[in-house]
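Enquirer: Turn these sequences into a full structure, and let the hints guide you.
If you read the sequences in order, they're chains A and B.
So for the first sequence, the working numbering puts the first residue at 1; every next one is plus one.
So for the second sequence, the working numbering puts the first residue at 1; every next one is plus one.
Pairs of lysine to aspartate or glutamate, EDC-like flavour, derived with a Cα cap of 16 Å:
#1 A:K277 - B:E81
#2 A:K277 - B:D74
#3 A:K362 - A:D331
#4 A:K277 - B:D78
#5 B:K72 - A:E567
#6 A:K277 - B:E76
#7 A:K97 - B:D74
Covered stretches of chain B, going by a simulated chain A footprint (3 or more residues, C-beta under 8 Å):
#8 18 to 31
#9 37 to 44
#10 48 to 61
These are computed hints drawn from the structure, not numbers from a lab.
Cβ coordinates follow ideal geometry from the N, Cα and C atoms, glycine included.
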Amino acid sequence: MDLKTLTYIIVFGTFGLYFAIAWWARAASTSDFYAAGGGVGPIANGMAIGADWMSAASFISMAGLIAFLGYGGSVFLMGWTGGYVLLAMCLAPYLRKHGKFTVPEFIGDRYYSDTARIVAVVCLIIASVTYVIGQMKGVGVAFSRFLEVEYGIGLAIGMGVVWVYAVLGGMKGITYTQIAQYCVMIFAYTVPAVFISLHLTGNPLPQLGLGSTLADGSGVYLLDKLDQVVTDLGFKEYTTAVLGNDINMFAYTLSLMVGTAGLPHVIMRFFTVPSVKAARASAGYALVFIAALYTVAPAVGAMARLNLMTTIEPAPGENLAYEQRPQWFKDWEKTGLLVFEDKNNDGKIQYVADPDANEMVKVDRDIMVLANPAIANLPNWVIALVAAGGLAAALSTAAGLLLAISSAISHDLMKGVLTPDLSEKNELLAGRIVMTISILFAGYLGLNPPGFAAGTVALAFGLAASSIFPALMMGIFSRKISGKAAVWGMCAGIGVTMLYVFQHKGVMFIPGTSFLGDMEANWFFGISPNAFGIVGAIVNFATAFIVGRITGPAPAEIQAMVDNFREPGAAGGTQEPIPAHAH
Amino acid sequence: MQNLTYWQKNLRLIFRCLAIWFVVSYGFGLLLVEPLNSIRLGGYKLGFWFAQQGSIYVFCVLVFYYAWAMNKLDQEFDVKE
Chain A
1 MDLKTLTYII
11 VFGTFGLYFA
21 IAWWARAAST
31 SDFYAAGGGV
41 GPIANGMAIG
51 ADWMSAASFI
61 SMAGLIAFLG
71 YGGSVFLMGW
81 TGGYVLLAMC
91 LAPYLRKHGK
101 FTVPEFIGDR
111 YYSDTARIVA
121 VVCLIIASVT
131 YVIGQMKGVG
141 VAFSRFLEVE
151 YGIGLAIGMG
161 VVWVYAVLGG
171 MKGITYTQIA
181 QYCVMIFAYT
191 VPAVFISLHL
201 TGNPLPQLGL
211 GSTLADGSGV
221 YLLDKLDQVV
231 TDLGFKEYTT
241 AVLGNDINMF
251 AYTLSLMVGT
261 AGLPHVIMRF
271 FTVPSVKAAR
281 ASAGYALVFI
291 AALYTVAPAV
301 GAMARLNLMT
311 TIEPAPGENL
321 AYEQRPQWFK
331 DWEKTGLLVF
341 EDKNNDGKIQ
351 YVADPDANEM
361 VKVDRDIMVL
371 ANPAIANLPN
381 WVIALVAAGG
391 LAAALSTAAG
401 LLLAISSAIS
411 HDLMKGVLTP
421 DLSEKNELLA
431 GRIVMTISIL
441 FAGYLGLNPP
451 GFAAGTVALA
461 FGLAASSIFP
471 ALMMGIFSRK
481 ISGKAAVWGM
491 CAGIGVTMLY
501 VFQHKGVMFI
511 PGTSFLGDME
521 ANWFFGISPN
531 AFGIVGAIVN
541 FATAFIVGRI
551 TGPAPAEIQA
561 MVDNFREPGA
571 AGGTQEPIPA
581 HAH
Chain B
1 MQNLTYWQKN
11 LRLIFRCLAI
21 WFVVSYGFGL
31 LLVEPLNSIR
41 LGGYKLGFWF
51 AQQGSIYVFC
61 VLVFYYAWAM
71 NKLDQEFDVK
81 E
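Expert: Right under this line is the structure:
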């Protein structure tokens, strides 16, 4: 069977599975729609969080980034996992105890203010919309490359699939679909990695293979070989290359951790479990399921880099002739993501660090995971599986984000502030209509990505880190912090972060409007705009502290509420898992 | 220790866990990476291993340890859901 047919069978087979689950898990109430009825067990919730969290960026881009950044890529590995430690200990249990549906709702309750709730809604929408564009692009690209349909049609199919299970099932449908998507994703990621690790080192576990000796009998460690190969060609040593400078790496990691803990589509998953105990446990399971991919990624990155280098230059000074290049090389050249230019006209490929002599003019980082099975000569079904895995990663994250957006609009803006007398049935209908509009809007943005699309994922983390995370932390760990303090803090944190990003990347990322230029020389302590979220968070904390000192503490009943959600069973005796009718 | 409240004990636990969280990632993985890299763990330089593997394993253990310790604390203070 040829690759294309096989890919169609596997991809549409997984879609059929998602539809079947969606039909089985239809939502009947707003509690189902926003929080899956509060009845998801910790292991199932952990898997759903894993799929929710691991997007096209984790599945496709991260290993490629690590392949080319080496040690510098560690910021993504630590940053995107370490945030779950913060989430598990500092946020999730208390938010679950409070027992509402959305993050803005918690902020509105704790800070006894519709203004705070609306500010949180705005932060949430900006962060989630920017994130969802990337997922939609991922869906379109995966379709166009693997199934050879047009980008726009691929995007439309993806939108249709998400629409069916997100609108029909809400959080309930999304949760159970995400469990299936996690399984598809992790299988698709691990299988090629195991094959490659076995081939290169003889060790089937990629995590151990990365630290093993090569299977060619030389007794040389894989990482030592890689260090030697890349430094011989003038690149930075793989295992020590830093990203920017030490302060930048520190700030970058911290920003990603804090941003991870502050992303609303992940936090709202903790409203779906039946108890505080289950919330703590599901954070642990989520991290294990995420680590299953994140500890394999550095092996995939390093091994892909080594394979690429040794394919082009099998032995020092013996370069591959362009005419003898392998089939995957030709395939990716067609997409324009791999570009060769014979600068010295010797018909051979030179891939070196010096830009004047380098003939691999373009090696797109994203191709590393997608081309990996082909580079390692793996069977066609593995390649088809990777396509299904990439789609599962993009679709599951898109669905989670769309739910966060539509619940913020239907539950927080409409039911919470604008039309409080909305009946539950109408709120459910409104949720579904808003979800449909969100999907169409996201699809439109995926089809016509705005100029700033490339910079937006970083902005989403920066926004979450500088606005939502500090507001939640202060709301839980300080009994006295007032509504005014939180609103000022959120505005100041977001403001500083956006100002810094815009001044270096251009206002709304329009080229030429940056007033300090995208130059390292002008960076604050050498911190890149992507890593600035943590500075915004500190500004948020400081502003809230000062305003809180001036305007006085929160009222006594709010302090009592804080005491209540700090302890699982405190005050009020038994509590309903999640009230079917909040308010 | 006896007269600490549930919340104070929780805070102490969080502080201890986050201290370890900081040491393995920011300490071993970033700040002390150069001295640690002179030690080898198989083919891994130790600092590099902490940055790309070890810190993630420790994070997993920490979150489960916290959940376990908090369940014990819930029993000790007899807080029920």
